[in-house]
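Asks: Listed below, chain by chain, are the residues.
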Amino acid sequence: MEQVIKPSIKEDFLRHFDFLDFSFDQEFYKNQRKEAKALIQNLDFPTSKTEYWKYTRLNKVLKGKYSFKELESTPYDLQGLAQNRLVFVNGYFSESLSKVNVGEGVYFAPLSQAKQENKELQNSFGKLYKQDEIFAVMNQAYHQDGAVLMVKKGKVVEEELLILNIIDGENIISQPRNLIHLSENAQAKVILKTIGYNSSASFTNMLTEVFVDTSANLEIAKIQEESKTAYQIATEQVKQEANSFFKINTFTFNGALVRNNLNIDLLGQHTESWLSGLYLLKEKQHVDNHTYVLHREPNCESNELYKGILDDQSTGVFNGKVFVHREAQKTNAYQSNANMLMTDDVTINSKPELEIYADDVKCSHGSTTGQLDEEALFYLRSRGIGYKTAMATLLKAFSADVIDQIGIESVQLEVEEFINKSFKGV
Amino acid sequence: MASEEELLEEITSSEYKYGFVTDIESDKAPKGLNEDIIRFISAKKNEPEWMLDYRLKAYRIWKKMIEPEWAHLKYPKPDFQDIHYYSAPKPKKQLDSLDEVDPEMLATFEKLGISLDEQKRLTGVAVDFVMDSVSVATSFKEKLGELGIIFCSFSEAVQEHPELVKQYLGTVVPTSDNFYAALNSAVFTDGSFCYIPKGVRCPMELSTYFRINEANTGQFERTLVIADEGSYVSYLEGCTAPMRDENQLHAAVVELVALNNAEIKYSTIQNWYPGSKEGKGGIYNFVTKRGLCLENSKISWTQVETGSAVTWKYPGCVLKGDNSVGEFYSVAVTANHQQADTGSKMLHIGKNTKSTIISKGISAGQSNNSYRGLVKINKNATNSRNFTQCDSLLMGNNCGAHTFPYIEISNKSSKVEHEATTSKIGEDQIFYCKQRGMDEETAINLIVNGYCKEVLNQLPMEFAVEAQKLLEISLEGSVG
Chain E
2 MEQVIKPSIK
12 EDFLRHFDFL
22 DFSFDQEFYK
32 NQRKEAKALI
42 QNLDFPTSKT
52 EYWKYTRLNK
62 VLKGKYSFKE
72 LESTPYDLQG
82 LAQNRLVFVN
92 GYFSESLSKV
102 NVGEGVYFAP
112 LSQAKQENKE
122 LQNSFGKLYK
132 QDEIFAVMNQ
142 AYHQDGAVLM
152 VKKGKVVEEE
162 LLILNIIDGE
172 NIISQPRNLI
182 HLSENAQAKV
192 ILKTIGYNSS
202 ASFTNMLTEV
212 FVDTSANLEI
222 AKIQEESKTA
232 YQIATEQVKQ
242 EANSFFKINT
252 FTFNGALVRN
262 NLNIDLLGQH
272 TESWLSGLYL
282 LKEKQHVDNH
292 TYVLHREPNC
302 ESNELYKGIL
312 DDQSTGVFNG
322 KVFVHREAQK
332 TNAYQSNANM
342 LMTDDVTINS
352 KPELEIYADD
362 VKCSHGSTTG
372 QLDEEALFYL
382 RSRGIGYKTA
392 MATLLKAFSA
402 DVIDQIGIES
412 VQLEVEEFIN
422 KSFKGV
Chain F
1198 MASEEELLEE
1208 ITSSEYKYGF
1218 VTDIESDKAP
1228 KGLNEDIIRF
1238 ISAKKNEPEW
1248 MLDYRLKAYR
1258 IWKKMIEPEW
1268 AHLKYPKPDF
1278 QDIHYYSAPK
1288 PKKQLDSLDE
1298 VDPEMLATFE
1308 KLGISLDEQK
1318 RLTGVAVDFV
1328 MDSVSVATSF
1338 KEKLGELGII
1348 FCSFSEAVQE
1358 HPELVKQYLG
1368 TVVPTSDNFY
1378 AALNSAVFTD
1388 GSFCYIPKGV
1398 RCPMELSTYF
1408 RINEANTGQF
1418 ERTLVIADEG
1428 SYVSYLEGCT
1438 APMRDENQLH
1448 AAVVELVALN
1458 NAEIKYSTIQ
1468 NWYPGSKEGK
1478 GGIYNFVTKR
1488 GLCLENSKIS
1498 WTQVETGSAV
1508 TWKYPGCVLK
1518 GDNSVGEFYS
1528 VAVTANHQQA
1538 DTGSKMLHIG
1548 KNTKSTIISK
1558 GISAGQSNNS
1568 YRGLVKINKN
1578 ATNSRNFTQC
1588 DSLLMGNNCG
1598 AHTFPYIEIS
1608 NKSSKVEHEA
1618 TTSKIGEDQI
1628 FYCKQRGMDE
1638 ETAINLIVNG
1648 YCKEVLNQLP
1658 MEFAVEAQKL
1668 LEISLEGSVG
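Line by line, the protein sequences are chains E and F.
For reference, each letter of the first sequence is one residue, going 2 to 427 in our numbering.
For reference, each letter of the second sequence is one residue, going 1198 to 1677 in our numbering.
Bound-form chain E, shown alone:
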């Protein structure tokens, strides 16, 4: 039965891209698209039988009818946002909303422009995406615009850079594509944000390729604040060279179905990686966080901390995997997932995995699930603190160790405010 239905879903879905025109692309990128299109032929959308999609059903997402839509006017109030920003609306670059003022040695421009003027891009673009992952391949074949950040050797970017994706309208489909490349000893902080304005039932498939060269230092804060009915699949494909430092914090605040794929490949010795995430779910939201850390070389360290607060009828999924190669001796890998359940209608599926082939390693993982401590709540209330404030205080305390990880002050404040706002209403 399934075999009859599946190809038609795939064909139906791919029809969305039929009339897209990529004639503006240069030959190099056109060829890349062609290769990816060929790859799609042999791939299929995951089903409930696909182990890595076990807990996330895509039927609803794939059966939707979407359209690409470039808006003429974009009346958003972006005051107070980072001074350096690239803004995309429904996947299309918006020049009027963007503001770029970076010093020498930093290249920060939309992908469409970079493809034209930046020859270096060809060395890294399309080198990391996973060729057996249909959503990544789909992005490679039909991506729209996105941001390119390239930082030259030794250059330190003090101010944070913002890549903002705005989804506006109904049934919008978008496929943003970003690339971040930090050369030797470079340093940068990037905010990767998706928000929804008056939007509903949209589908976003974002792919970000990240190169962290020797001794470089990169921090990404990823904020997902789409509409309540939005579907999003976001993939970060990271490559870390020796002595490099990489940190990513993922905050999921909204979206009907959000799937995050974070794949980190550690290619050099003495690297350090920090992965953390916080998901605050309400109503019927579904958030699925998948991480994969591949330790290939000795003496590397990875730390993972994901926390979730699940309310109403929401579903959370955490699937973290640490793979330690035979050569990767002296690896330290830690993985931790903690969940707080607020009602009896929520479900959390946690799957922290370790696959280890080296003996001199320290690897551990932990997963806990529990509820708000009634006694702590009572204690606060007996001191005259209102129920809602007490609740928000406790939830903030629970999320504190993830929030503390954030190295960008504005993001830290934003996250704290969100918790205050959303859980004072419980």
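Calculated from the structure, these hints are not laboratory results.
These numbers come from a predicted model, not from an experiment.
Hints may contain errors.
Reference listing, derived: stretches of chain F covered by chain E, where coverage requires no fewer than 3 residues with Cβ under 8 angstroms from a Cβ of chain E [to be verified]:
1) 1417 to 1429
2) 1589 to 1602
Derived DMTMM-like pairs: lysine to aspartate or glutamate, alpha-carbon spacing no greater than 25 angstroms straight-line [to be verified]:
3) F/K1621 - E/E356
4) E/K397 - F/E1614
5) E/K363 - F/E1616
6) F/K1612 - E/D169
Over the 12 angstroms line for every Cβ pair with chain F, so calculated as not near, a few chain E residues [as the list claims (entries may be wrong)]:
7) D13
8) Q27
9) G65
10) D78
11) V323
12) Y358
13) D360
14) V362
15) L381
Cβ atoms here follow ideal geometry from the backbone N, Cα and C, with glycine treated the same way.
Got chain E; can you put chain F on it based on the hints?
Replies: Using the frame of chain E, we list chain F on its own:
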């Protein structure tokens, strides 16, 4: 530390101590599997009509299933048409004493290190010895009979207690449960059956020794243990198998039913032939073990796994009744080319249910040892509690240790904790022991024994001694 590698080498090279074959002419079914073979097995065992129907139904389900491939295991798939599904030692008249037993079999006991006689006298353990699927000696039966306890071979139970078998067979592990359970349901030849009546506390440890003896004989054991309301039983299962070059398939099904307020303790030592140093031969062990807990009942699984080339085994508990408790304690040792994918399943359905999983994995040589477990808490299982700990110890740099836990929770008042660590034996620990005059091997033995203590402590005394001995053999032969 130069000697560490030598030691590993030495250990990895030690031979399987229990490799020997008992030569008893057997009454075999032709190779292959079809409905006729099932009818042959059923007829051979004089089974009633309903039993045959059960088997045929299972066979039809099995035919439609595909072999599971999700486990972290690599092995050539067994050819299910190349197996004798029935083989029995020549039918003999009922035996009353050991004297009547085939002397060759007695010699086998000797090599196994269990003198049946002595065990009877000294330990008060009733031994139901299963050799190639047919029970040969059952002792202490009379004594148990006085209490109303039924402890017999499965085929005997089908003949003498059909109502009990009919009522409970397949209730915990349905025929459609998985590929190997379906296969087992279709072709199982024998096994053990145990029934403890209401309020009875079984005064002795019940134990069965399994042996796989005939080359090319798939062994399909079926065990059913029923503890009626308020009863208690401790059940031991231990295995050793002779050395063979061809892979032998073993797909057993064990069903435990603990009715209200009952308690079952099920301990296993599994030491089947793990294959040669080069990874040739060895037993394929695909076992389905599950217990059903009703109100206030408790099921505890303890296992020490040192054998088999490939192990695929997830003893689990369905905590259906309120306040029921499930426990799982496991030590799994893999050496040479052994592979194990093992763990536990705990399904919380009733309120205030508790489960504990303690799993200790030790991998050495070129082996791979995976923990795969499921903790599922249903929406209505309020105040449920689970604690899971799985530790892995790696010895040498050619082995792998993996953890694949599945945690699915749908209830807010439950508490679930899971933790896992992977490490190797600390050099400082070894140094400390050596400083006190121990040689390295003794030191490693000591450390490993300490590492496994939590699990070994759960075993009944006689078993614990044997388990420790087994660990030592495996260690000296494969670990350190």
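Asks: Going back to the hint list, which numbers does this structure go against?
Replies: 1, 6, 11, 12, 13 and 14
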